[in-house]
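Work the whole structure out from these sequences, hints included.
There are 2 protein chains.
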Amino acid sequence: MKKAEILKLLRESGDYLSGQELCGRFGVSRTAVWKIITSLKEEGYEIEAVQNKGYRLKASPDLLEEGEIVSRLGTSRMGKNLICLPSTGSTNVDAKKAAEEGAPEGTLVVTDCQKTGRGRRGRAWESPAGCNLYFTLLLRPSCRPGQASMLTLVMALAAAGAVRELGLDAGIKWPNDIVLSGKKVCGILTEMSAETDYIHYVVIGTGINVNQEKFPEEIEKTATSLKREKGEQIARAALLASIMAHFERAYETFCASWDLRTLLPAYQELLLNKDRPVRVLDPGGAFEGVARGINDSGELLVERPDGTLEAVYAGEVSVRGIYGYV
Amino acid sequence: MKKAEILKLLRESGDYLSGQELCGRFGVSRTAVWKIITSLKEEGYEIEAVQNKGYRLKASPDLLEEGEIVSRLGTSRMGKNLICLPSTGSTNVDAKKAAEEGAPEGTLVVTDCQKTGRGRRGRAWESPAGCNLYFTLLLRPSCRPGQASMLTLVMALAAAGAVRELGLDAGIKWPNDIVLSGKKVCGILTEMSAETDYIHYVVIGTGINVNQEKFPEEIEKTATSLKREKGEQIARAALLASIMAHFERAYETFCASWDLRTLLPAYQELLLNKDRPVRVLDPGGAFEGVARGINDSGELLVERPDGTLEAVYAGEVSVRGIYGYV
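Chains as they are written, first to last, in this note's numbering: chain A, 246 to 571; chain B, 246 to 571.
None of these hints come from the bench; they were simulated from the model.
A few of these clues could be false.
Which copy is meant is left open, so a pair is good if it fits within one copy or across any two.
The calculated lysine to any residue pairs, modelled on SDA-like cross-linking and capped at a C-alpha distance of 25 Å, are [stated by the list, open to error]:
no.: 1; residue 1: K360; residue 2: S438
no.: 2; residue 1: K342; residue 2: T361
no.: 3; residue 1: K342; residue 2: L526
no.: 4; residue 1: K253; residue 2: T467
no.: 5; residue 1: K519; residue 2: T467
no.: 6; residue 1: K360; residue 2: E345
no.: 7; residue 1: K429; residue 2: E440
no.: 8; residue 1: K342; residue 2: I444
no.: 9; residue 1: K286; residue 2: F460
no.: 10; residue 1: K475; residue 2: A501
no.: 11; residue 1: K429; residue 2: A468
no.: 12; residue 1: K360; residue 2: Y443
no.: 13; residue 1: K472; residue 2: P461
no.: 14; residue 1: K303; residue 2: G347
All values reported here derive from a predicted model rather than from experimental measurement.
This is how it looks when you write it as structure tokens:
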């Protein structure tokens with residue numbers, strides 16, 4: 246894809262690149278380069294052309310399309326098979342379909358607008374068009390189905406890491422929310438298809454409020470966006486590429502032991518639940534306790550009133566007091 | 246379904262039932278009863294009609310169709326939603342599709358002939374037509390995804406129990422094969438769709454060699470059928486109904502604790518691996534040991550040469566020496 250390659254080169258150079266240089270690099274004619282530059286300008290890229298100096302990329306539009314994303318990706322596997330959709334029902338559904346048809350690990354489905362996005366347990370997830378980031382990553386880990394739950398935490402860690410690089414103080418509300426100023430900015434939904442001892446595939450769907458400015462009244466107090474917190478527009482493709490880079494590194498670490506032992510310190514550091522009250526909906530009876538951290542398996546360690554520690558999993562915990570006053 | 250009800254009544258009575266009695270029971274005319282009896286005879290049922298005595302069911306054909314199965318089922322949930330297909334690709338695929346469309350727990354897909362039946366990890370599973378039993382049961386347990394693997398063992402226990410009631414000495418090769426005279430007679434493939442902490446659904450596919458007489462040369466030494474072992478034809482619908490009854494009871498027990506604690510003694514009793522050598526393909530290095538039983542989670546307890554016990558799961562064990570000389 247010449248367009249993405251030329252974009253990448255211009256962006257990485259940060260300076261003028263002569264038409265001749267671009268021609269030589271890609272083995273195309275000057276006319277071909279000129280045509281690509283023209284089409285980039287039409288898409289909203291600001292490209293300066295100066296006689297005897299060449300082309301310089303001054304600014305990129307906030308596009309979530311293939312050329313822009315590919316020109317930003319620095320990963321070796323994650324996102325290399327890219328499915329870009331202007332609009333779709335749900336990227337998790339698309340990724341599951343691709344998986345059934347044999348798509349490889351690292352396949353990434355991205356969209357500008359989700360029409361039937363879903364949160365955990367089928368809850369509706371608002372996905373307005375043109376301002377946020379919705380993507381699903383397909384993985385084929387050779388771990389046990391019971392270990393796949395940790396991948397949600399790996400993605401949370403990657404997303405929080407990328408958001409923090411924007412200068413925002415992102416924390417993680419266990420297991421799968423990214424929180425800024427006490428408000429939710431990102432949700433993650435991991436699904437899998439498996440035999441009892443063998444994973445066919447895992448899809449991790451992530452929704453991030455990036456440039457959304459207005460929220461429906463009912464979530465106004467508990468939701469925010471990166472733009473709201475930072476006070477400026479964020480380039481979604483750049484954020485996506487950064488998350489993929491963070492995820493690829495963390496996933497490699499996870500795959501070495503199929504647990505979180507190596508990622509634990511980084512995760513604990515961002516864990517907002519630490520030393521906060523939680524209510525555990527244990528089948529043997531609900532109880533209240535204080536979260537103390539997570540263990541190698543990604544379970545929350547909850548201290549009971551009598552001082553004993555218990556490891557609980559996501560399905561049985563309701564976490565209070567995180568939104569609103571962190 | 247009047248046909249199934251009349252069949253059930255005739256079968257349970259074992260004696261003559263007058264046309265008048267049947268009319269009164271179902272609120273239909275004598276002509277309607279006569280029509281149903283006639284159509285049953287056409288399907289191969291031997292029904293004696295004696296003046297002043299009524300109808301008596303002498304013999305049933307080996308049919309895997311709705312009326313015959315419903316007339317045998319004594320369960321309250323398992324199989325109540327029944328999908329009977331003369332032939333299909335794979336009952337697991339059908340059941341997953343039904344699950345996606347909202348089919349309830351206990352939905353049972355049965356077929357006389359599978360064209361693309363699959364064993365574990367996509368291995369081909371031979372499914373000749375007209376002689377064997379292929380079915381998939383849909384469940385929606387509220388346990389964790391990591392606990393679903395135990396359902397394979399629950400089904401193995403139910404299938405082995407039903408086969409033993411035929412007077413055959415069935416044993417279980419952990420985790421999911423039923424073995425007779427050292428040869429495999431039944432395989433089970435459990436699949437699930439889940440979020441990391443929430444099961445959407447589980448499908449348990451079971452294939453049993455019932456009346457198959459000839460096997461391909463490559464599996465001749467490791468596979469057998471119930472008919473071969475017992476020396477007589479087995480009614481497949483009756484066997485299916487018996488498995489459903491066994492499963493319903495065992496599943497209820499499983500659901501009380503989401504583990505095998507209560508079912509353990511029954512399972513251990515049928516476990517052929519006990520005190521037999523196994524090779525464990527542990528990620529930390531393969532080792533040989535001796536199987537000593539299973540634990541509450543359905544994992545195999547393997548004694549290492551140094552005497553220590555290790556719990557291993559299905560994906561990492563190759564069990565030797567079970568076929569051929571049990």
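Index of numbered hints that the structure contradicts, given in increasing order:
Going through the list in order, the structure violates hints 3, 4, 9, 10, 14 and respects the others.
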